[in-house]
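S.K.: Here the structure of chain A is known, so what remains is to put chains B and C in place on it, guided by the hints.
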Amino acid sequence: MKKLLLSAALVFATATGAQAAGDVVAPPAEQWAHQGLFGTYDRGALRRGLQVYREACAACHSLRLVAYRNLMEIGFTEAEVKEIAAEKEVRDGPNDEGEMFTRPARPSDKFVSPFPNPQAARASNNGALPPDLSLMVKARVGGADYLYALLTGYRETPPKDVKMAEGMAYNVYFPGHQIAMPAPLSEDGVEYADKTKATVAQMARDVTTFLTWAAEPELEDRKRIGIKAILFLIVLTGMLYAVKRKVWKDIKH
Amino acid sequence: MASSADTAATDSQGQGDGESRRDFLMLATGAVGAVGLGAVAWPFIDQMNPAADTLAVSTTEVNLEPIEPGQRILVKWQGKPVFIMHRTKEQIEKMKAEDGGNLPDPQKDGDRTVKPEWLVVVGVCTHLGCIPTGTKQGEVRGEFDGWFCPCHGSHYDLSGRIRKGPAPTNLPVPQHAFPEENTLKIG
Amino acid sequence: MATPTFQNPIVKWIDHRLPVFTFMQHELHEYPTPKNLSYWWNFGSLAGIVLVLMIATGIVLAMHYTPHVNYAFDSVERIMRDVNYGWLIRYMHMNGASAFFIVVFIHIFRGMYYGSYKSPRELLWMLGVVILLCMMATAFMGYVLPWGQMSFWGATVITNLFSAIPIIGDSIVTWLWGGFSVDNPTLNRFFSLHYLMPFVIVGIVVVHILALHQHGSSNPLGIDTKGPQDSIPFHPYYTVKDLFGLGVFLIFYAGFVFFAPNFLGHPDNYIQANPLATPPHIVPEWYFLPFYAILRSFTADALIYLPISWLMSAKLAGVLAMFGSIAVLFVLPWLDFSKVRSAKFRPLYMWFFWLFVIDCFILGLCGAKPAEEPWTWISQAATAYYFAHFLVIIPLLAKFEKTRPVPASINEPVLGGGDSTTGAATKPMEKA
Numbered sequence: 001m002k003k004l005l006l007s008a009a010l011v012f013a014t015a016t017g018a019q020a021a022g023d024v025v026a027p028p029a030e031q032w033a034h035q036g037l038f039g040t041y042d043r044g045a046l047r048r049g050l051q052v053y054r055e056a057c058a059a060c061h062s063l064r065l066v067a068y069r070n071l072m073e074i075g076f077t078e079a080e081v082k083e084i085a086a087e088k089e090v091r092d093g094p095n096d097e098g099e100m101f102t103r104p105a106r107p108s109d110k111f112v113s114p115f116p117n118p119q120a121a122r123a124s125n126n127g128a129l130p131p132d133l134s135l136m137v138k139a140r141v142g143g144a145d146y147l148y149a150l151l152t153g154y155r156e157t158p159p160k161d162v163k164m165a166e167g168m169a170y171n172v173y174f175p176g177h178q179i180a181m182p183a184p185l186s187e188d189g190v191e192y193a194d195k196t197k198a199t200v201a202q203m204a205r206d207v208t209t210f211l212t213w214a215a216e217p218e219l220e221d222r223k224r225i226g227i228k229a230i231l232f233l234i235v236l237t238g239m240l241y242a243v244k245r246k247v248w249k250d251i252k253h
Numbered sequence: 001m002a003s004s005a006d007t008a009a010t011d012s013q014g015q016g017d018g019e020s021r022r023d024f025l026m027l028a029t030g031a032v033g034a035v036g037l038g039a040v041a042w043p044f045i046d047q048m049n050p051a052a053d054t055l056a057v058s059t060t061e062v063n064l065e066p067i068e069p070g071q072r073i074l075v076k077w078q079g080k081p082v083f084i085m086h087r088t089k090e091q092i093e094k095m096k097a098e099d100g101g102n103l104p105d106p107q108k109d110g111d112r113t114v115k116p117e118w119l120v121v122v123g124v125c126t127h128l129g130c131i132p133t134g135t136k137q138g139e140v141r142g143e144f145d146g147w148f149c150p151c152h153g154s155h156y157d158l159s160g161r162i163r164k165g166p167a168p169t170n171l172p173v174p175q176h177a178f179p180e181e182n183t184l185k186i187g
Numbered sequence: 001m002a003t004p005t006f007q008n009p010i011v012k013w014i015d016h017r018l019p020v021f022t023f024m025q026h027e028l029h030e031y032p033t034p035k036n037l038s039y040w041w042n043f044g045s046l047a048g049i050v051l052v053l054m055i056a057t058g059i060v061l062a063m064h065y066t067p068h069v070n071y072a073f074d075s076v077e078r079i080m081r082d083v084n085y086g087w088l089i090r091y092m093h094m095n096g097a098s099a100f101f102i103v104v105f106i107h108i109f110r111g112m113y114y115g116s117y118k119s120p121r122e123l124l125w126m127l128g129v130v131i132l133l134c135m136m137a138t139a140f141m142g143y144v145l146p147w148g149q150m151s152f153w154g155a156t157v158i159t160n161l162f163s164a165i166p167i168i169g170d171s172i173v174t175w176l177w178g179g180f181s182v183d184n185p186t187l188n189r190f191f192s193l194h195y196l197m198p199f200v201i202v203g204i205v206v207v208h209i210l211a212l213h214q215h216g217s218s219n220p221l222g223i224d225t226k227g228p229q230d231s232i233p234f235h236p237y238y239t240v241k242d243l244f245g246l247g248v249f250l251i252f253y254a255g256f257v258f259f260a261p262n263f264l265g266h267p268d269n270y271i272q273a274n275p276l277a278t279p280p281h282i283v284p285e286w287y288f289l290p291f292y293a294i295l296r297s298f299t300a301d302a303l304i305y306l307p308i309s310w311l312m313s314a315k316l317a318g319v320l321a322m323f324g325s326i327a328v329l330f331v332l333p334w335l336d337f338s339k340v341r342s343a344k345f346r347p348l349y350m351w352f353f354w355l356f357v358i359d360c361f362i363l364g365l366c367g368a369k370p371a372e373e374p375w376t377w378i379s380q381a382a383t384a385y386y387f388a389h390f391l392v393i394i395p396l397l398a399k400f401e402k403t404r405p406v407p408a409s410i411n412e413p414v415l416g417g418g419d420s421t422t423g424a425a426t427k428p429m430e431k432a
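Protein chains in written order, with this note's numbering: chain A, 1 to 253; chain B, 1 to 187; chain C, 1 to 432.
Hints were generated in silico from the structure; no laboratory data involved. Among the hints, erroneous ones may be present.
Claimed, not checked - Okay, the calculated beta carbon distance ranges per label pair:
| # | chain 1 | residue 1 | chain 2 | residue 2 | range |
| --- | --- | --- | --- | --- | --- |
| 1 | A | K228 | B | G153 | 53 to 61 Å |
| 2 | C | S181 | A | T102 | 33 to 41 Å |
| 3 | A | K252 | B | A41 | 37 to 45 Å |
| 4 | C | N160 | A | D221 | 50 to 58 Å |
| 5 | B | Q78 | C | N184 | 30 to 38 Å |
| 6 | C | W354 | A | D194 | 45 to 53 Å |
| 7 | B | Q78 | A | E156 | 49 to 57 Å |
Said to hold, decoys possible - Only pairs whose alpha carbons sit at most 27 Å apart, straight line, appear in this in silico DSSO-like list of lysine-lysine:
| # | chain 1 | residue 1 | chain 2 | residue 2 |
| --- | --- | --- | --- | --- |
| 8 | B | K164 | A | K82 |
| 9 | B | K115 | A | K88 |
| 10 | A | K82 | B | K185 |
| 11 | B | K115 | A | K110 |
| 12 | C | K226 | A | K249 |
| 13 | C | K339 | C | K399 |
| 14 | B | K80 | A | K110 |
| 15 | B | K76 | A | K110 |
| 16 | B | K115 | A | K82 |
| 17 | B | K115 | A | K252 |
| 18 | B | K185 | A | K88 |
| 19 | B | K80 | B | K164 |
| 20 | C | K226 | A | K252 |
Unchecked claim - Some chain B residues well away from chain A (every beta-carbon gap over 12 Å; in silico):
| # | residue |
| --- | --- |
| 21 | V40 |
| 22 | G70 |
| 23 | K96 |
| 24 | D105 |
| 25 | K115 |
| 26 | P116 |
| 27 | K136 |
| 28 | F144 |
| 29 | H152 |
| 30 | V173 |
The beta carbon of each residue, even a glycine, is placed where N, CA and C say it ideally should be.
Okay, chain A solo, but in the shape it has when bound:
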């Protein structure tokens, strides 16, 4: 038993310690409505988060794995989705004359990228490529906590001993502390439809919630089904144990 526990502890240490140490400040643990066994997405935060994405992030960051119709899963009506989609133009074609043309986006289209290709993106951003955000929360150690920390981690004046490279901004939580993206959120940068005060922390929380949904749209289903599955398995395993005991009752072992 002791050996088992020791081994288990080592496995845990191995798994969690798999990242590099070095220039990394661990993000503080935040409380999220969607965390835990019974977590669900805060619908208000998702709405506000979409607004933050469209107004503060979409100019540079694509969300190409999410379709406009997916918004209907988080409470947007079909009409709202059509309207949001139609604001962007999509390249389509060729038509009967053999030419490519643009048309307004439909709900079945994926979110339209701000740039046609990575090279155009770099050209508009001093050579840096703003990454797609569809999976960002799953693609970074620390997930939502990291994202929130990053967005609130900008500091106007870096520490004295840090020499900033040209065009870089200082961020406490970005590995290496120098990030090419200037602080994307500013106080009251967005006027929330539900009149919530748009502090940087609020916007960071909302857009992080939205991006968590973008990366894990199945989260609520997953947890709901998971609870049922595990409860079922506990009952079934209990019954199987009873059967085992009954069958083995008369064997001396």
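M.R.: Chains B and C in isolation, oriented as in the chain A frame:
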């Protein structure tokens, strides 16, 4: 482990009681297990059903404004071609008049449209699946001025009904509606 | 036991032409299994079930996956977002791989502790090692398929290793790649082989079980069954016990699939593969970490490399050591020639077994760390110890260890022992 006294009691009572208790447990466990297996099997079966992105393009919306009376266009719906024709009054009258005529697949023209001036039919020949010609200007339209299938010579009229040739049934009319004045939604 | 005749006429008709029912009767109802098997013996059947699970989920995933560098990543995301229950099947497959290795590692450690690899089960053991190798190849290729950053760079690092082979190394690597780097031809062929290998594994598992059934399972005491008093039919006793064990396993498995599906993975694999950007730390999946550590511990200045530095490059030494760490398992039945099977009666061996287990964990930890001090010298020490365990400690123990007296039989664990040693009473048998 059951004490020897316990076992003795069950034995003296006759095997029946202990065994039936055991059988009930086995049966119940088996049943619960079977339910579990069914629950696990369902996702494996359902994953072959059309995925969300496929379902999302299962309807097509068409802007009817640019289609002149007498004009026909072809749109794609669920991967298939659909003929849309803006019929004139004369054309509608003609088709209605021929309702009782010598039709291989009798059907009233009125039953084949939601709005009589808009004919919407799936452009796949009901014989063996080729796409009939007649949508574009200059294409062969067949003896009934509708559509003509070049593969085996089926002739369709201005209601999309089969009039001559090997095709057994009229061109299918997909579910469609007009959510707005000049908008057609197919599917 | 008499072969019962079947009542059902359909069953009789089939069985007369193809004796499947007689076979099942023999393998399940009649097959004698030691009655003292502990829960450590559940892991073989668990491994078989996980294999079936992986094949089922894999075939379904393959219905939606596109093995082309331009589409692979997106096709996996389509599975996650659009395919009905796609997220569930993908997470089951992903965590099933980890489950497969956990179960198999425990199964192997069980074999090592109880001496299950000893005569007459040497071939059974060796077939098992072959299964392990096939599993590792399958898992490696499977991880490449989502075409994330770790997929690409893991494939690049591991395929590059083969260039260490003298003379023909570079040609082999080009041949593996189908090009001049890991690219579309590589991805496509990995998909084909990844689909194939599990069925090869099924075949080897069948032979593995055939070999097992020749002499039956060993048991925690490591002594042979002497007669029917030591055995019980596999069905219903062990079918029921295996089902219970399966239930327990599934609870843990479901915990991962539903509540921590990415815990054992690496976030970098949610970034699309970019041949022009190397991730800061390339790490394989956890089940490869010990072998990765062994591979990396052979650096130009490593103490363990210096004796053979005249013979080969450090890179080649690392590659050979990595494969050697599994190859050494093949010859374990001959390295350990002690007549006593179970560690229960080998007190010194027991200690060294647990030290070995700890060594494996340390190697795993090292594999996850960057190649810096102090992890480099810890890796080297742990690697040296790994081989020392097999090549030095085990044979020495086999020759010199004073084993405890082994009981006379399973059924009657007799005080005083009926074997070579008499005198002081042995400890009363603990529940297996």
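S.K.: Taking the earlier hints as the rules, which of them does this structure contradict?
M.R.: Hints 4, 6, 8, 9, 11, 17, 21 and 27 contradicted; others consistent.
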